[in-house]
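In the working numbering, the protein residues as written are 389 to 1379.
I should point out that these hints are in silico values taken from the structure, not numbers from a laboratory. Some hints here could point you the wrong way.
Restraint ranges, calculated between C-beta atoms of paired labels, are given here [what the hints assert, rightly or not]:
id, residue 1, residue 2, range
1, E1208, N937, 56 to 62 angstroms
2, L938, E508, 55 to 61 angstroms
3, S1046, L1024, 54 to 60 angstroms
4, Y802, E1281, 46 to 52 angstroms
5, T705, Y745, 44 to 50 angstroms
6, S1216, S594, 40 to 46 angstroms
7, N1235, Q949, 42 to 48 angstroms
8, Y975, K1171, 47 to 53 angstroms
9, D906, A726, 57 to 63 angstroms
Pairs of lysine-lysine residues, derived as PhoX-like cross-links and limited to a Cα-Cα distance of at most 20 angstroms, are as follows [unchecked claim]:
id, residue 1, residue 2
10, K754, K720
11, K754, K519
12, K519, K1203
13, K1211, K449
14, K754, K852
15, K519, K1211
16, K519, K429
17, K754, K823
18, K1104, K1211
19, K654, K493
20, K1238, K449
21, K865, K518
22, K1008, K437
23, K1353, K1171
24, K437, K1014
25, K530, K654
26, K518, K974
27, K493, K530
28, K1203, K1340
29, K1147, K1133
Quick caveat, the model's predicted, so the values are computed rather than measured. All C-beta atoms in this analysis are idealised placements derived from N, C-alpha and C, irrespective of residue type, glycine included.
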Amino acid sequence: MKKILISVSLFLCAAVPISAAFGHKKATSIDIEKVSQEQRKVSVVVNDKNGPVIGANVLVKGTTIGNITDLDGEAVIEGVPQNAVLVISFIGYLTQEIPLNNNQKNIEVTLIEDTQTLSEVMVVGYGSVKKSDATGAIDVIKSTDFNKGVVSSPESLFKGHIAGVQVTPTSGQPGANSNVRIRGVNSISASSEPLYVIDGVPIDNSRSTTNVGGDSGLSSLSINPLSMISASDIESMTVLKDASATAIYGSRGANGVIIITTKGGKDGVRSLSYSGSVGFSQVSNKISVLSADEYRQYVPNATGTASTDWQDEIFRTAFVEEHNITFSNGNKNTSYRASLNFSDQNGIVIGTGMDRYSLRFNLTHKMFDDRLIFNLNANNTYYTLDNVLEQQTGGSNGGIINNALKANPTEPVYNEDGSFNEYAESVRNPVAMAKQMYDKSRGDRFIGSADATYFFIPKTLSGKINVGYDVDNINRKAYQPIDSKAAENVEGRAITESNRYSNYLFEGYLTFDKTFNDIHALNVVAGYSWQEFDNYTSTVRAEGFVNDNLGADNVGGARTQQAQNNEELNRLISFYARANYNLMDKYMFTATVRRDGSSRFGVNNRWATFPSGAFAWKIKQEEFLKNVSAISDLKLRLGYGVTGNQDIGNFRYSQTYSIDSKQGTSFGGVAYPAYNITGIANPDLKWEQTAQFNVGLDYGFLNNRIRGSFDVYHKKTSNLLLTIDAIQPAVSSSYLDNVGAMVNKGFEFTIDAAVISTKDFYWDTNFNIAYNKNEVTELYNNKDIVYGVVSGAGAYGNTQILRVGESIGSFYGQKFLGIENGKEVFESDERTVLGDALPDVIIGFNNTFKYKNWDLSLCLRSNLGVDVYNNTRAELEQGSRLPGQNTNIEGAEFYKAGGGGIVYASSRWVENASFLKLDNVTLGYNFTLPKVIKNGRIYITAQNLFTITSYKGYDPEVNNVSSDKDVKAIGIDYCSYPQARTFTLGLNINF
């Protein structure tokens, strides 16, 4: 409570000047009256190079006096004071300020086209490119367009804004990972996550989890490495989607690339700013189960006398807050920016949450007449993560959410003596699971880069050296008390874990940039890259304690200890080159090649080459379109390339061993444990490769008041890695080999429009839609692979299938017809494809409205044509749950009819998970306070406001992290941590 009061006090102290800002309007109006005593009527005619401009804003600077131009391009303004300055603006043109002479009553202005949108520079791999010159499929989102509100990690910032990019959270727990898919799923057993590059440093976005084993009741949640970056420090994110754009990253470009650029100082700008928000989160939806009264109707002999809503007991209204302080300064030689961030995000499930403290410093220094440029980017984050076991796929007793759904509603949370009520062997008290057990991870992450660029020939030939370092130290302590249900049989359990993830980078490259005879522009980049990853994990598991006094700090005092450690290194060495040629600013050619060598592959295929080529034609620059004023941009893009995927883990090509301390022999009084062969060597193991063809059209109308793009693509991924059966006899039953292929094909369409732009009102909209079709085209001997194991007590079977001609993530089972006489009835005993977990269509619809000082933004998202296997409902509706466990009405009626167990692999549990979400709504007011506040903004934000769906789980956007037969399951929902509905009040002040 004290922490909350301190945070609210800090927020209110920062907000004190707002009342003064609101009250300042009266004094301003008095000043305007004084300077407006001598008034006149002024006629303004606004043209461009093609004639009158309709709807241009004409405003007397510093006042609210103004008008908009009519069909003849004329605006008549009355009450214009002496010595006035007219401000003339219109979408797609540069704003002009025109001083008036004392007697001037007629004025004619010619607007100049604003080419900033087309000349906007986008950060790409090892360089930058003007948007108008880009030959690949690239999208950029700036900080001004990010989603507002509570953001755990950067990928949430662009949800719904970029066509073809799908962001699916694996859990609603703060700090949890998200799955990001760019143009579909590209792999079966390797990762389909994009490569992230932060200020020039490609990072390893994977984190291992503790293998706690059995039914130990501890979380296996992996921390999202991106959650260590404060959203307020990010300037922009660039998404590279096709092979032409990603081939410069070679073996890591198959899944797309996301380049994150953080903010720096600016020349001539000194700024001190504060931004902060406070708010609360609640569960957005609950799963319907029997109330205590309903339970007693189906179980008349129930002995419990309480009335407990167990979901209400584990869910809470969670306090969230974030505060940022930033200082930046700069001149023509040196600029810098320093920021301090604090974030406290409590989870909606008791016992969960994440705290984060971040410090960032970015510096740019220029020397020798800008011939030497030095950049430094450094960020250090300290964070803590509170864990609970939200779900459990292995243990019969399940996690906190599973137990909240099955706990008897007639039983109380506590016994009369205040102890936790553990009334049954098959059910754990979910409140006790959260409150009794200690499970906390503490981390310290540093990510930094330093680069130096020297121009051997000014503005023509330069060399750049870039070094990067990323280290994440994570320490976890977990303890289950002696009297806890999870550890009562072992007299207490403790786990301590230390993880260290290190990433070292060295790169050097040359850039040649020259225009010849004003029509031949050539840009060439060639370089070398060396990167090494070193991951170390050490875990100690201890059981059998005398007391709980020291918890996990007393593993040495336990009866038994089991220790294990693991270290894995992998290295990537690369040579790369790219050439961009622009002819007459009409025809653009790009050629890229990268040769990578990775320690993750067999000695026979350790090196591979990844080429790409692209062509773009600025049709607008041709004579037949040059003078068509309605069309402001029209560019055709063609691209083809091959990229790779090396994210398969380490040592998969090698024969591997495991140590079995319980087996072995003894010689000379010394025990020697047994070594078991766990993997067969495959020296021919090679990269998964994705060949992609892309056709795109960029367009703009009415001086880019309407603008967007349309892309069609075809991706074929070959040499897919699959675990296949080894020919027996062999030292292992299976091994990894390149035996599969799949295709993704689809289209993307984006339109941005300034719908209304007047003196007082502005409406900008963005609509994006993407269609993707995935198809498995090749498997080992074209043999089906059934995977996707179900979870829960008594659960059995697999729910998904890999089959040639079907999509990855296809659900597989019997077609359910109904229930007769307490038994499930199916169309036949044969299993068939029942749907798939990949959406056919993803849609984003974003709108920004501005009225004077007010602004309103809305973000809507939709996934269509997607299914989810509701494993939670399958377990909940078994007829055998009553009388000992809770169920829903359907399960209770099934029990009443004499039903018992269910068939898991059936269409009964495959649900349509299409949805429409109002993801984000923000209402803000902008203000100034002269001599104190340059500009400020106060706002309220609502996140996850509503979801329209027929899905019967907590949320249709789910994906439990599990794999079977080395194939990752997609779209299976089992007691997932729900997504929160969050409301925040925020304040931004720039002093």
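20 angstroms Cα cutoff - pair K519, K429: violated (43 angstroms)
Restraint status (C-alpha distance of K1353 to K1171 at most 20 angstroms): holds (14 angstroms)
Pairwise beta carbon distance, L938 to E508, judged against the given window 55 to 61 angstroms: Roughly 59 angstroms apart at Cβ, these two residues keep to the hinted range, so it holds.
Proposed proximity, K1133 with K1147 (alpha carbon, max 20 angstroms): Roughly 44 angstroms separates the two Cα atoms, so the pair is violated.
K1238 paired with K449 [C-alpha distance capped at 20 angstroms]: The given pair, whose Cα atoms are some 19 angstroms apart, holds under the 20 angstroms limit.
Cβ distance range 47 to 53 angstroms for Y975 and K1171, holds or violated: The hint (47 to 53 angstroms, Cβ to Cβ) holds, given that Y975 and K1171 are roughly 49 angstroms apart.
Supplied distance hint 57 to 63 angstroms, evaluated on CB atoms of D906 and A726: Once the Cβ atoms are compared, 43 angstroms apart, the range 57 to 63 angstroms for A726 and D906 is violated.
Straight-line alpha-carbon gap K519 to K1211, limit 20 angstroms: violated (62 angstroms)
Straight-line alpha-carbon gap K1211 to K449, limit 20 angstroms: violated (78 angstroms)
Y802 paired with E1281, Cβ distance criterion 46 to 52 angstroms: violated (32 angstroms)
Pair hint outcome, K493 versus K530 [Cα-Cα no greater than 20 angstroms]: violated (42 angstroms)
Pair hint K530 and K654, alpha-carbon separation not exceeding 20 angstroms: holds (16 angstroms)
The structure does not agree with the numbered hints 4, 5, 7, 9, 11, 12, 13, 15, 16, 17, 18, 19, 21, 27, 29 stated previously, though it agrees with the rest.
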